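**Q** Dock chain P against the given chain X, drawing on the hints supplied.
Residue numbers (our numbering), protein chains in the order written: chain X, 16 to 735; chain P, 358 to 874.
If you are wondering where the hints come from, they were derived from the structure by calculation, not from laboratory data. This one's a predicted model, so the numbers in the text were calculated from it and none came from an experiment.
What follows is a set of in silico ranges between Cβ atoms, one per label pair, in the way DEER data are often shown:
#	chain 1	residue 1	chain 2	residue 2	range
1	P	650	X	176	47 to 53 Å
2	P	664	X	90	31 to 37 Å
3	P	650	X	668	26 to 32 Å
4	P	650	X	604	30 to 36 Å
5	P	416	X	587	39 to 45 Å
Heads up, simulated BS3-like pairs for lysine-lysine below, C-alpha to C-alpha not over 27 Å straight-line:
#	chain 1	residue 1	chain 2	residue 2
6	X	660	P	585
7	X	111	X	72
8	X	111	P	649
9	X	660	P	555
10	P	585	P	569
11	X	423	X	126
12	X	660	P	416
Residues from chain X shown here face chain P by an in silico Cβ test under 8 Å; the list is partial:
#	residue
13	106
14	546
15	551
16	555
17	558
18	560
19	561
20	606
21	628
22	629
23	630
24	650
25	656
Where is the CB? At the ideal position from N, CA and C, for every residue including glycine.
One-letter residues, chain by chain:
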Amino acid sequence: MSVYELFLSFWHTVAGEEMFNSLSLLQCETLCSRWYLKTSHRLYSATYDPNEKTFEKLLIANRGEIACRVIKTCKKMGIKTVAIHSDVDANAVHVKMADEAVCVGPAPTSKSYLNMDAIMEVIKKTRAQAVHPGYGFLSENKEFARRLAAEGVTFIGPDTHAIQAMGDKIESKLLAKNAKVNTIPGFDGVVKDADEAVRIAREIGYPVMIKASAGGGGKGMRIAWDDEETREGFRFSSQEAASSFGDDRLLIEKFIDNPRHIEIQVLADKHGNALWLNERECSIQRRNQKVVEEAPSTFLDPETRRAMGEQAVALAKAVKYSSAGTVEFLVDSSKNFYFLEMNTRLQVEHPVTECITGLDLVQEMIRVAKGYPLRHKQADIPINGWAVECRVYAEDPYKSFGLPSIGKLSQYQEPLHVPSVRVDSGIQQGSDISIYYDPMISKLITYGSNRAEALKRMEEALDNYVIRGVTHNISLLREVIIHPRFVRGDISTKFLPEVYPDGFKGHKLTDLERRELLATAASLYVAEQLRSQRFLGTQRIPIAKSKRSSWELSVHLGDGIYPVEVSKDGSSFSVEVDGMKLNVTSDWNLASPLLSVTIDGTQRTIQRLSRNASGNTSIQFLGTVYKLQILTKVAAELSKYMPEKAAEDTSSILRSPMPGAVVAVSVKPGDMVSEGQEICVIEAMKMQNSMIAAKTGKVKAVHCKAGDTVGEGDLLVELE
Amino acid sequence: MAALRLLRRVAGAVRGRAAPGGRGAASGGRPPAVPQRIEEKRRAALLGGGMGRIEAQHKRGKLTARERILLLLDPDSFDEYDMFVEHRCSDFGMDSSKNKYPGDSVVTGRGRINGRLAYVFSQVMDQAALVGAPVIGLNDSGGARIQEGVESLAGYADIFLRNVLCSGVVPQISLIMGPCAGGAVYSPALTDFTFMVKDTSYLFITGPDVVKSVTNEDVTQEQLGGAKTHTAVSGVAHRAFENDIDALLNLREFFNYLPLSNRDPAPVCECHDPSDRLVPELDTIVPTESTKAYDMLDIIHSIVDEREFFEIMPSYARNIVVGFARMNGRTVGIVGNQPKVASGCLDINSSVKGARFVRFCDAFNIPLITFVDVPGFLPGTAQEYGGIIRHGAKLLFAFAEATVPKITVITRKAYGGAYDVMSSKHLRGDANYAWPTAEVAVMGAKGAVQIIFRGKETDAEAEYVEKFANPFPAAMRGFVDDIIQPSTTRTRICRDLDVLASKTQSSPWKKHANIPL
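One chain only, chain X, in its complex shape:
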C-alpha cells in the first residue's frame, strides 16, 4: 500500500467521523445555543496540534463568510478572535462567533472595513497579535500590511514586498517574465487618458481587456473590441479604480479569446519552501466574476498540471512569497497557459482545494505567519476525489446572469443534511443583504469520490437549499452544473454567454418534467383544499363532509393552460395530465419549506415559495421558480370574462433594475434621447451600470439625482 493510499483511507475515516460529530454538534447547538451558530461539515482532514505555540489573539479584518471561516479555524487552534464590524453588521454572524467584536464605523466600506485608522485602533485596544485580512477589503493593501508591521502585529499573508510586487499588475508581469513564467503577449503600462488607451489598444490589437491596476479578481474588468469601447472602458474602469481603490492606474492587455481560467494554489513559508496545491478550474464566470469552481480541472493532464504548478512555485519563490497565494492562468484550447496575476491572499474558492488536499489553508496561513516551516512535501499533496463550489448570490440571474438583489432572508436553511456538503456562509435567517456589501449568500461546496458524484450531490444540495426573501441564483447554478457541456468539461470563460446567448431564462422543462410539475402543483393544491376543510374540535353546526374524490383543475403555466384531473387515492394522488396518469406521493406537510415528492417513482425535492387564495403559486422545481395558477375548471372557464388590466408601458419609463446609488444622471426634462443612449449610471455593489433609453423620445421627468439611493423597481426617468 502506498503512502498515498494510506492517506486516502485515513482521510475518509476522519472525514466520516467529522461529519457525524458536526451533525450532533449542530443538533446540540440548535437546542441550547442562543444564537444558533451553524456548523457546516468540514471537508478537510487537517490536524491541530495543541502543543504548537501560536497566536493568542487574532483580529479578522473582514466580514461575512470569510470572517466566519477564519474564526472557525482559530477556534480549533485555540486562538481568541476579534471581529470588526460596521454599525449595520452589529448583529452579523461573524460578530456573534468571535470572542470580541468592535464597531469600526458606519455601513459604507470606506468608513468601516477599509477604515485603517479605526482598525488599527481596535488592534491596539484589543491587543490582537495578528490580523487575518480575508479577501477583498484590506487583504492586498500594502499600506495596511506596513502599518501592522510598524506596530509589531503579524499580518496573516505575505510580506509587503510580495503584496506590492504582485498587486501591481505591471510589475507582477515583469517579475513573472523574469521567473520564466509564461505571460500574455501585448502587455502594456499606465494609461493617462482615453486617447492613450485607444493608442495602446491598437498597438496590442483588439480585443483588449481594460481594468484597474490595483484591483483584484474580475471586478472592474472590461473588454473592448474597438476604439469606442476602449474609450468607454477607460472611463468606467478609471472611475471604478478611483472609487474602489483610490488609485486610478489602468491595465490594458491582449484579450485571449475563449480561454479557461485555471489557477494554482500555492503555499509558501518563510524558510524558502513552497508547494503547489493543485489547480482550481474557475472558467464559469459572468461579467468576469467566478460563479462555479471546481478542483481538480477536467482539462489538465498531469504534465500540464505539473508545469503550471512548478511555474507558480517559481514565481512565489521569485518574490520570496510566504503564506497562501494563488497564481491565475489563462489556458487556451491547446493547453498553452499564460500568467494572469497572482492573488496574495486567501481566495474565495479555497474550499475546493481544501476538499481535495485535506489541508486547512487558514491554519497553514496562520502557521506560516507564526514562522513555522511547512509540514508537507510536494509529494504529500494529493488530489483526493473531486470538489465543486457554487457561489450562491443574492442576485437575479435573469438579468445579465445576475444583478444584485437585496432584502431580508425571511427563511434560510442550508442543505447540511445532504452528505458531503460544506457551506461557508456568514448569514443566517433574518440577516439583511444590503446594498453596502457583496451580495454573496454563501459558498456551497460538495465533495465526491469523483466528479459525477460531487455534481450529483451539488444538484441535491441546491434543491435542498432554502433561501427566501431575496432573489437568488440557484436556478443558474443548477442549470450550469447539469448542462451537457459542463458535464463533459467543455467549458471556457465564455460558457454563459455561449450557452445562453439571449440571457439566462431558467430551466427549460421537458414534456415529462412539465407533467411532473403540473401534477405536483395540482396535488399540492388539492392537499391544501382538503386541509382547509379539516376543522378541529366539535362544531355546533356539523360540517358538511365533502365526498369529493376527484378534482377537475385548470393549471396555467407559462403560455399554456393545462387541464389536470386529480383523484385522491389514499395518501397519494393520481393525476391525469396530457392524457397520462401520474402517481404523486408525499407526506404533504404544507408548512415545511422543503417538500419531498415522488412522482411515478422519481423523487424530487421541491419548494413551494408562495401561494395565495387566487390559486397563484410559485414552485421551485429543478432549481427554477415557476409561477402557476391553479383554478377549478369552473373558475378557469369564467376567468375569460375577467377584465385585462392594462400593463405599464415599460418602454417610456426607466426603472432601477437593482438597488443601488445613482452616480450620474446625464439627462434633464425636455432633452431628446435616442434609443440606447445612456440616461444615468447606477452603482451597486461596486459595479457601475449604465442605464440606457429603451426608445427614442423626449425626457418627460427625471425622478433621481446623483447621490440618491434607489431601490429595485424605483422610477428613475420617464420619457414622453
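**A** Structure of chain P alone, referenced to chain X:
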C-alpha cells in the same frame, strides 16, 4: 337592487314555492301544467335577466350572481331560496312580461364554504341569525329601482335594521362587485367587513353627476368611490381584490378564519407548523438604534402559522397593522404598531382602524395578540382639531372592554398613554411580555430630559436611558409578566392560547357600553 324589498316577503316566497304543489294536492289531481311551469320558471331563473344581460355583465368584466355563488360556495352545496319571486312593480312599463324575471334581482340562499355553513345575501339574515351562521352579501346593484318609489326605501331600512340586529351575532361580510350607490351603501357600511373589486366596483352616496351639479366638482366614479379611494383614503372598505374571481376565492379563504357566530369559538384548523418552532431571526430583528425602523409585518409573518396573515385594511392608516392569522391552527386577531410608517405612532385613523378590529375579535371570540412599538400619539393641531382625544379613546375603550384572551408583546417602545392603550396589563391583559429591547416609559429619553430639566444642559439623558429605556421598571412592577427571548415568542403565545382557550370573563351588566363614537 330593489329586490332588497323582498326580504319582507320571505314567508311569502316560501308560500310561493309551496303553493303549486299545495294547489295540486288540493285539486286531487296534479294539472300537468304545474310541474312544467316549475321547470320553466326554474330554468328562467337560472338565466337571471336572460342571455342578453349575462353577456352584458360579462362584457363589463363581471360575473353573474349565479356564477359568483358557484365560485364562492362548495360545489353542489347551494340551496336557493326565493327563486320564484318576481318584482311587483307595475309603473313605468315595469309590468310588461319582458321586464319580469323569476328570482328577480337577487339570488339568495345558503351553502357551504369548506364544509361550513354560510348564508348568501341579506334576505336570509333572519334565518342566519337564528341558526348562527355568517351572512355574505355580494353587492352589485345600481341602487333603488326608482320606479318602485318609496317601497324601495322601506326595503333598505328593513335591511339596515337586520344588519344592525345581526351585528355581533353572526359575522357579516359585504363584497362590493359593482356599483353600489345611494342608500344601498349603508348596508355594507353596517356589516363587519367590506371588500371591493378593483376597477369594477364603486361605493358612493351620490354619484359624479350629482356631485358636479351640487358642488361643481369634477370627479370620476373611480376617484369618488373606487376601490383605491375606499381602501386607502376613506377607510370604508377593508380590502380590494383584482377581479370577481380573485375576490370570491379570497373570500372563501377569509371565511375560514371566522367563527360561525358569537356562540362559537374561534375555529381551529389542521396545522402543520410546529407550535414550538423557534424563530431565531427575531432575536436580532429590532435594530439597536431606537430611531431605526423595521417592518412589524416581518415579525408577524415569522411568528404565525405558515407565514399566512390575512391583513385587514392594508392600505389605510398603515401605522397600525391589523389582521387575522392562526397560531397552532387557531384563528387569532393581530394588532401591531408599524414602526415603518410614521414611527408606528397612534393617530386618529389608526386608532379607529384598530378599535373596530379589536371589537370584531372580541365579539366573535377571537383571541387578540398585540405587538407594541409605539412612540405615542401623533401630536399637532390637525390631530387635536380632528379629535384625537375621542378617537384615541376608541382604541383604549375597545381593548379595555375586550374579554377574549389578550396577549401582548412589547417589542420596543411603549411610551406614554399609547402604552396604556395598546392592550396593556392594566386593561386586563392576560399575558404581557417584553422583549429585551422593550422600553416602557412615559416618553423618550430626549423629550423627558428636556421637560424635566427645562432645556438646561444636563447629561441626565443617559441616566434616563439607563433607568427607563429597558424592560426592567415595568417588569419589576408586574406590568409585564416576563421578559422573553424573542425567538421563543411563538412558543409562548401558543402555550398561552392553549391555556386561555377556556377563559371566561364578564363585565358589569349593562344595556350596552357607550364607546366614544
